Each structure stands twice: as structure tokens, then as C-alpha cells.
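**Student:** Residue numbers (the working numbering): 31 to 364.
A portion of the hints provided could be inaccurate.
List time: in silico SDA-like cross-link candidates among lysine to any residue, alpha-carbon distance up to 20 Å [as the list claims (entries may be wrong)]:
#1 Lys-188 to Gln-247
#2 Lys-188 to Tyr-153
#3 Lys-95 to Val-132
#4 Lys-211 to Pro-221
#5 Lys-224 to Gly-201
#6 Lys-313 to Glu-89
Ranges between beta-carbon positions, derived for each pair [stated by the list, open to error]:
#7 Tyr-295 to Asp-84: 25 to 33 Å
#8 His-310 to Arg-273: 32 to 40 Å
#9 Arg-256 to Ser-234: 21 to 29 Å
Derived by calculation from the structure, the hints in this document are not laboratory data.
No experiment lies behind these values; they were computed from the predicted model shown.
Every residue, glycine too, gets a C-beta built ideally from N, C-alpha and C.
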Amino acid sequence: MTAKRVIAIAVAAILVFVSIGINTMSWFFTRDWNDLITEITAIDQDLQETIVEDGSLSERIAVLKVDGVIQDTGAASLFSGEEYNHRQFMAQLNEVMNDSTVKGIVLSVNSPGGGVLESSDIYDAFTEIQATKEIPIYVAMGGMAASGGYYISAPAEKIFVHPETLTGSIGVIMQSINYGKLAEKYGVDFPTIKSGPYKDMMSSTREMKPEERKMLQEMIDDSYKRFVNIIAEGRGMSESDVRKVADGRVMNGRQAIEAGLADDYGKLPTVVSAMKEDYHLEKAAVFEYGAPDNLTSLLSMKAHDVFGGDMESQIMKKLLTDNQAPRMMYLYGE
């Protein structure tokens with residue numbers, strides 16, 4: 031990075047804060063940023079509601095949105111943009127569980143999937159809500175609702191797609207990168223001291239052993255079986271019928287309906303109307319969480335606007351936010 035580039039980025043960073051009304055530069059340079067992030071996160075814990083359609087306050091429909099990779103990356107960073115926030119979404123589900131006025135949930139999904147654990151968190155919360163509150167869940171799939179995006183949709187009473195929706199990709203994947211031979215070519219060594227023979231399983235610096243692959247495959251198979259069972263239960267399908275399309279393939283909306291993985295076509299407003307009609311909630315108010323006017327969102331959007339297309343900042347974001355350890359994922363297009 032050239033000196034001119036460094037100066038340009040520094041000036042841009044200053045302009046971010048000026049543009050949102052922070053004019054005291056001494057505060058900027060002396061601020062304890064760890065404390066600031068803690069303060070912003072605390073403010074962000076208060077769930078805000080935005081009314082989408084006016085109606086009865088005693089019976090309401092909650093519109094919940096999963097947009098992006100379903101992964102718990104911790105508190106949102108200033109440079110992360112508007113991305114899926116797992117902890118915030120789970121807080122929304124908890125709020126719905128304890129709100130007696132919520133009589134139905136419409137889940138808007140636009141996601142390639144994500145972590146096995148995070149997807150399971152959402153699925154478990156939805157099934158608990160259904161069992162405890164006995165309220166319906168409808169799903170409106172957007173451009174993509176694949177793998178974990180389908181996993182979290184499976185327990186819904188009805189799933190709606192667009193003809194161009196990409197869904198399916200039912201399965202589990204676990205990947206790492208092996209650059210050991212490349213490192214060897216350039217004389218790079220990786221001295222490793224470990225407590226057991228498998229402590230560095232899926233290491234990026236050596237070949238995987240056959241017995242290690244067998245261990246990992248067993249884990250993958252367990253998670254895959256759970257995925258298949260969840261779809262079979264949620265969609266009222268036999269396990270054999272699910273397995274016919276649970277080979278990792280993606281499909282469009284038409285194919286999903288024909289395979290029994292979706293019920294009908296419909297975008298979000300249509301899905302909300304369908305729930306109102308099906309469950310006699312014509313007078314219900316419709317609301318969603320997360321008005322984008324809190325401090326975290328403002329800072330995030332400003333920083334993302336400035337640095338979003340910048341190669342150096344994208345690399346820095348990758349280093350700061352990505353978990354590099356191999357893990358099982360319900361994810362399409364990894």
C-alpha cells in the first residue's frame with residue numbers, strides 16, 4: 031500500500047465521523063474504542079419495532095428476516111455492513127416467545143445457509159414457539175434459501191418461493207485449505223507440538239490421514255441425518271423421498287414445489303396476506319424488528335459505504351471477522 035493510499039484512507043476515515051456529526055477530533059484520537067463498541071452493543075440490545083401494517087395491537091404478525099450467512103461472528107463491527115446478526119435474531123425469537131400479542135410469524139429468508147449450530151439454534155427456537163404458543167410460521171423465500179436457509183424453514187406450516195428462488199442444497203460440508211506443498215516450495219516450515227496424533231486434524235499444512243477423514247465423515251453423516259429427519263418431519267415426507275433430493279443439488283422455485291419442499295409461489299406481502307386469510311387474522315397489525323436508525327447501523331453503513339469497494343479494507347475485514355477454523359456448515363457455495 032503506497033503512502034498516498036494510506037493518506038487517502040486516513041482522510042476517508044475522518045470524513046466518516048464528520049459526516050455523522052462527530053466534530054471533535056481530540057475525542058476521535060483519544061477514545062477507548064473497546065469501550066465504545068461495548069457501549070454501542072449495549073444500546074443495540076433494545077429491540078425496536080417498526081409497524082409494517084396498522085391493525086389490532088392485541089393480535090399481531092411478526093415479520094422476521096434472515097438475510098446473509100447464518101453464523102455467529104459476535105458483535106457487529108463498524109466495517110461489517112448490514113449483515114446477519116445471530117445474537118440479535120435469537121433475541122427477536124425470545125421476544126416473540128414472550129409476547130402474547132404475536133399470533134403468527136412470517137419468516138423472510140435470503141440466505142445461502144451457514145453454521146450447523148446456528149441453524150439448529152433457530153430451528154429449535156421455532157419448534158419451541160410452535161409447541162408453546164401454538165402459532166403458525168410461514169416462510170417467504172427470497173433470491174436464495176439454500177442449505178441452512180432451508181433447514182430453518184423446514185418446520186413452517188407453509189413455504190412460499192419465487193420461481194427464481196435458489197433453494198435446496200440439502201447437506202453438510204466441511205472444508206479447509208491445504209497449502210503445505212506451496213509452503214514447502216518456498217521453504218516455509220510449520221513446527222507443531224501437539225498432545226495427540228489428531229490434535230491438528232484438518233491442518234492447512236499437511237495431508238489428511240485416512241483415519242481422520244473417516245472420523246470427520248462420521249460427524250458429517252450424523253448432521254446430515256438430522257437435516258434429512260427435520261425435513262421429513264416438517265414437510266410430512268418419507269425419509270426416502272427426502273434423500274432423493276438431499277444430495278446437495280440446488281433447485282429453483284418450481285422444482286422445489288414439485289419435490290414437495292415448498293407449497294406455493296408468493297413474495298413477502300402475499301405471504302403475509304395468506305397467513306391473515308388462513309388464520310382469520312385480517313385485523314392483525316404487522317410489524318418487524320430492527321429499524322435501521324440505531325448508532326451501530328449508522329456507523330456500520332457509513333464505514334461500509336467508504337470502504338466497501340476497497341481491496342485493502344476487504345482483506346482486513348476478512349482477517350478480523352472470519353473464523354478460520356474448519357467447521358461443519360449447512361452452506362451453499364462455500
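**Student:** Decide, hint by hint, whether the structure agrees.
**Tutor:** A quick look at each hint next to the structure:
1. Between Lys-188 and Gln-247 the CA atoms are separated by roughly 33 Å; this puts the pair beyond 20 Å, and the hint is violated.
2. Pair hint Lys-188 plus Tyr-153 holds up; C-alpha atoms about 15 Å apart against a cutoff of 20 Å.
3. Among the hinted pairs, Lys-95 with Val-132 is consistent with the structure: their alpha-carbon atoms are about 16 Å apart, no more than 20 Å.
4. A hinted pair counts as satisfied when its Cα atoms are at most 20 Å apart, and Lys-211 with Pro-221 qualifies at roughly 15 Å.
5. Taking the CA atoms of Lys-224 and Gly-201, the gap is about 32 Å. The hint is violated against a cut of 20 Å.
6. In summary, the hint linking Lys-313 to Glu-89 is supported, as the alpha carbons are separated by about 8 Å, within the 20 Å threshold.
7. At roughly 27 Å, the beta-carbon separation of Tyr-295 and Asp-84 lies within the given 25 to 33 Å, and the hint holds.
8. Separation of His-310 from Arg-273 is about 37 Å and conforms to the stated range, judged on CB atoms against 32 to 40 Å.
9. A hinted range of 21 to 29 Å for the beta carbons of Arg-256 and Ser-234 is consistent with their spacing of about 28 Å.
Hint violations for this structure: numbers 1, 5, all remaining hints satisfied.
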